[in-house]
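Line by line, the protein sequences are chains A, B and C. Under our numbering, think of the first position of the first sequence as 1, with each following residue one higher. Under our numbering, think of the first position of the second sequence as 421, with each following residue one higher. Under our numbering, think of the first position of the third sequence as 776, with each following residue one higher.
Bear in mind the hints are in silico, worked out from the structure with no lab data behind them. Incorrect hints may have been included.
[Unchecked claim] List of simulated lysine-lysine pairs, DSS-like, C-alpha gap at most 25 Å:
no., chain 1, residue 1, chain 2, residue 2
1, A, K301, A, K123
2, A, K341, A, K354
3, B, K633, A, K301
4, A, K365, A, K354
5, A, K218, A, K365
6, B, K633, A, K91
7, B, K633, A, K62
8, A, K341, A, K365
9, A, K170, A, K148
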Amino acid sequence: MRTWWIGAAALVSSAQLALAATELRYMCYQDGNECDVAEALLEDFHKANPDIKVTVDTVPYKAILESLPVQLAAGQGPDLARVTDLGGLAKYYLDITPYVNAAYWEENFGATLPWFRSGPGDKGIYGMMTQLTITGAFVNKTLFDQAKRPLPGPEATWDQWAEAARAVAKATGTPFPMAIDRSGHRVGGPAISMGAQIFAADGTPRLVDDGFKAFMTKFVGWMKDGTMARDVWVSQGGAAYQDAAQEFINARVVYYYSGSWQTGRFEKAIGDAFDWEVVGSPCGPAACSGMPGGAALVGFKRTAHPEAVAKVMDFFAAEPVHAQLVERTKNVPAHKGIAAKGLAYPDATPAGRKALQAWAAQVAKVSPVAYAYQGYPLNRVMFNATVTRVTQAIVGELAFDEAMAKLEADIAEAVAQAKK
Amino acid sequence: MASLATSGVLDLVTRTRGKGRLHWTDWLAYGYLLLGLFLMFGPVVWVVLSSFKSEAQLLEFPPTALPYGQVSVAVPGYPEPLPLFRVRMPDGSLREVAQIRRIGIQAQMVDPAAPETILRVDIAGREPVRALSLATENYTALFERFDFLRYLWNSVFITVTATLIMLLVNSMAAFALAKYDFRGRDLVFVLTIATLLIPPTVVLVPVFLVVAKLGLLDTPWGVIWPGAATPTGVFLLRQYMLTIPDELIDAARMDNASEWKIYWRIVLPLAAPALAVLAIFAVMWRWNDFLLPLIVLSRSEQFTLQLALNSFKGEMHTQWGNLLAMTVLTLLPITLVFGFLQRYITTGIATTGIK
Amino acid sequence: MRLAAPLHRLLELVDRPMAALQRRIGPQRFAWIFLLPNLVIFAVFTYLPIVLNFVYATTGGLAVLPSERPFVGLENFASLLDCRDYLDPSSCSKDLFWRSLFNTGRFVVLQVGFMILFSLITALVLNREIRGRGFFRGVFFYPVLLSPVVVALIWKWILQREGVLNAWLVAFGGEPVQWLLDAGWSFFWVVFVSIWAHMGFYMLILLAGLQAIPKDVYEAAEMDAASPWRMLTRITLPLLMPTMLVVVVLALIKGVQTFDEIYVLTGGGPGSATMLVVQYIYETGFAAQPRLYGLAAAASLLLAALLMILTLLQLRANRKSYRG
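Next comes chain A alone, as it looks inside the complex (with noise of 0.2 Å):
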C-alpha cells in the first residue's frame, strides 16, 4: 500500500516539473562519453536557461537507428536527437535558421551543413556535426620497428601499403597484415582514391563504375590471399557493422583502416603496450581520400518548442562550449574556427594528441566525391548493399561480377522506390 503513494507522490512531483519548465527529450547514443559530456557540459545551459530543462536520454544505437526513423514517421519521438543517418532522416529536421545567428554557423559549419540539407535549393540550418570523423589508417609502429622497415610515406598507394604490411606481418609473425572494418562507408574512401566518382554526371548515384571496381577487385583479391583480416567481413552476415579494434589493440593487425573516433579508445586500451600511429588514406590515382562523417545533433519540426531546441543547438555551436564538447570527446572539430586554431587535447596522452592532429591534417585531403557522397541521403543505402554484396563476393556466393550486378540493383530498387 506505501509503494502506491511513493509512486503517486513521484508522479505528481515529476508532473510539477513538467509544468515548471520547458522540457525537451535528447536521445543520444554514444560509442564512448559523448552523452556523458553533453550532459555534464548541459549543466551551464540550465544555468543559464532556468525555464528549459534538457533530458539526456541515452539509447542502444539500434534505437537511434530503427526506432528513431519509425518514431519520427508516425508524428512521435524526443525534440533533439544524436543521429548519423543524415539524409535519411532530413525530412523531420527543424530549420534553426530564424532563431540562431545564420552568418555563425554557415562561416563555422559551412562543409557540413548541406549533409543536412534535402537539395541543392535547401538553404535551411538543420543541424551541427557534434563528432566530425574522417576514414583512415592506424598502423602498429612497433611492429615496423620490429621488422626494420621504415613506414611508407605520405604518398604511399594501397598497394605499398599493401605489401609493406605483408612484409612486416611475416617478419613478426602477425596474424593479418591489414584490417578494414566492415562497412560500406569504408570502402568508400579508397574507392574513391582509386577514381570512383559515385554518381554520374546528373547527380544520381552510379556507384559501380571502373575506379570502384578497381578498388573492389583489389580487396576481394586481398581477402583472399589473406592480406585483409577476412574475419572481420566474413564473421557477419546482412548490413550488419563490425571493426577490427579489438584486433588493432591486440596487436594482432599491423595496418588498420578505421577511423579518427577509435582514437580516444585506442589511447586508453593500448596505453603504452605499443606504438601506433595515424597514417591517414593511402593514394590511388584519384586521390589519396578518406570519407568524413560522424554524427550529428539534430532537432525535429514536430517539437512544442522550436525556440528552445534552437537555443540549444546555438549552445553547442557556441566556441567555448563546443571547443569543451570536441576536446573531451576527443574528436575532430567540424567548427572552422576552433580547426584553424588547433585544440590542446589536454586530457590526452602524447600518443592521442598526436593522432588527433593528425587526423586533422586530414580534413584537407577529402576529396570533394566523398564529401558528395556523405551527403547524399540515400548513402545508407549505398553502404549496406557494398557490405552485403561484396560479402557475398567474398565468401564465394556470388561471384565478382554478379555481385557488383545485384549491387546496382539493389540500389536502382531503393531509388525508384524512394521517388514513389
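Starting from the structure of chain A, add chains B and C where the hints point.
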C-alpha cells in the same frame, strides 16, 4: 560384443524401473546425464567466470579458467605502483622486476629491492606476474552508468502487470472455449491458434503504429497490452480446462451460482497448475523482451533492464567485458527464480503440457 | 494464498454486476463476455497489424504510414517470386529471400529432427527410476529460460577464434577452427545452439507423455519376455504418438520462426549462409536502409502461407496414419 553393446544401449533407453542395485546401464545413464550437465551448465559457468576478467585478460589465448590480474608493487621513488614482470636476465636468471615505462621495443625496468639501477629489457623477454583478481569494474561500470534500481523496478512492474493481465484474460477466454458450446466457438479457437503462425518480429512496424495511435508510446502500457493476450496461453489453459469434469460446473449451476462465480470460484482454482506454468512463461517472455520495448520506450526513466543494459552498445564499439557482465546480470534473476522453484516449474510443465 | 487475497476480493467485487449482466443476456451468451477482453486485445494488437501487413504488402515506396503509400498491387510478390530458376537463388531478383528460404528449410529439417531425437533420448533416460531425476530434469530445462540474446552471447563467447573451444582443440594437439567463419561449421553451430536452447521444453513434454503410459502395459510385455527393443518400438513409441504430434507441430512452427539467437550469434553470416527467412524480413523491413516495408510484408505473408500449408499437411498425414 557389438550386439551386447547395442542391447545395452537399448536397455538404457527402454527400461522404466531400476532393480535396486546399479546395473551397468544405470552407469551409462548417469554418464549421459553428467555429459548433459556439462553441456547445459558449462557454457553458462564459463561466461560467469569470464565476466570477472579484465578487458586485457579476455583477449588472452589460451584463456585461463579463473580471472587473473597483473600484480603491481609500490617502488620507492615512484608515485604510482608499477606493474610487475618476470624477466629472463642476460645471465639466464629469472627476476621479478617492475616496469617504469616502455619505449619502442625496449622496456625500462627497476628491481623493487634495488630501485636505483634502471634495467633495459627487450619487451619480448618479459612476462607479467599475475595473481587471482576479480575485475569487478565490468560490473561497477554498469552500475555507475545508470540507475539500476529504477530500471529493475520498471522491468518488474511490466513483467508482473503483464503476467497478471495475461492470466486473467487468457483464462477467461480458455474457460469460454473449453466449457461452453456456442456457435462460432471453433472458428474463434482456430483464429486464436492461427496467430501462432505469425512471428511477432514481422508485425513490429504495424504494432508500433497501433501503439502510437493509442497514445501508449513511452508508457509501460505500450509494452504490456500488445503481449497481454497470447495464443499459447489460451491453448494451454483450454487444454487443461477440458479435463475439469463438467459435473462440477453443472452442480454449481444447480446451486444458482453465476457463470462468473463458477469461473473464479471453481475453474480458476482447479486450473492452478496450468496457470502457474503459464505464469512462468509469461514472466520469462516479458523479462526477456527486447525489440518491442526498444521501439516503444525511448525515455530513459521508462527503460527496462534489458534496454538499459543494451544502451552500452554504441555504433562502433562492443566490449566483451561489459557485454559479459551484462549477460550475467540479465540471466541472474531468471536463474535465481528457477533455482528456487525448479522442481515446481518442471513438474508443473510436465503435468500440464499435454493431456 | 495470502498474496492472492486482494485479487480475490477484486474478482468478488465484479461478481454482482456480472450476475446482473448474465440475467440480461442469458448464461449461454455469457461465453462471449469471457471471450471479449481476449478478442479485443487480439483484434487491436494482432489482427489489426496483420491487416496492416496486407496493406503494406500491396503498397510501395519508403513511407511508414500506410496512408502515404502508393498502391502497387501484387508488385512486391512478383518481385519476390521473380526467378529464372527456382532452384538457383542467384538467378532470382531477390536472391537473399530465396537463400534465406532454402536455409530455413535445411535448418528446420535438421533442427527439428535432431532436437526431437535428443529430447526423446533424454526423456527416456529420465523416465528411468534414477537418483537426482528432478535435478537433471531442471538441468536440461534451464537454457529454455534464457533470453535468445543471452544464449547467443554465451555461445559467441565460446566459439570465437580465441574462445575456450579452440583452446581445448589446441591443448589436444589440434588446429584452431574459425567456427563461425566457415559456412558449414557456422550452420552446424546454429543448429546446435538452437537445439541446446530449446530441447528442454520438448523433453519435458515427451517425459510427461511417457509417464502417462500405464505401467501395466509394460508389466504385461515383461511377462511375455519381450525384448527391450520390442518394448520401445511396439509399446512406448506408438503410445507416445499423440504427444509426439504436438511436439513436432510446435517445434516446426517455432523452428521456421527462429530469429533472435541466430541474428546475434552469426548475424546470418558468413555471407548469407545462416540467414533465415525471418531475419530477411526483419532486415528488409526494419533494420537496414532502405526500409522496404512492402517487400518485407509480402515476404511475411508468403511465410505464413507456407507455415499454414505445412501444419495442415502435418495434421492430415497424422490423421491418415491413425486410420491406417
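Cross-check of the supplied hints:
1. For the hint pairing A/K301 with A/K123, the CA-to-CA distance comes to about 16 Å; that is within 25 Å, so the pair holds.
2. Of the supplied pair hints, the one linking A/K341 and A/K354 holds, its CA atoms being roughly 16 Å apart against a limit of 25 Å.
3. For the given pair, B/K633 sits about 19 Å from A/K301 by alpha-carbon distance, which is consistent with the 25 Å threshold.
4. At roughly 18 Å between alpha-carbon atoms, A/K365 and A/K354 fall within 25 Å of each other, so this suggested pair holds.
5. In summary, the hint linking A/K218 to A/K365 is supported, as the alpha carbons are separated by about 22 Å, within the 25 Å threshold.
6. For the suggested pair B/K633 and A/K91, the alpha carbons sit about 21 Å apart, so the restraint of at most 25 Å is met.
7. The suggested pairing of B/K633 with A/K62 holds, with an alpha-carbon distance near 23 Å, which does not exceed 25 Å.
8. Taking the CA atoms of A/K341 and A/K365, the gap is about 19 Å. The hint holds against a cut of 25 Å.
9. Straight-line distance between C-alpha atoms of A/K170 and A/K148 comes to about 12 Å, which keeps the hinted pair within the 25 Å bound.
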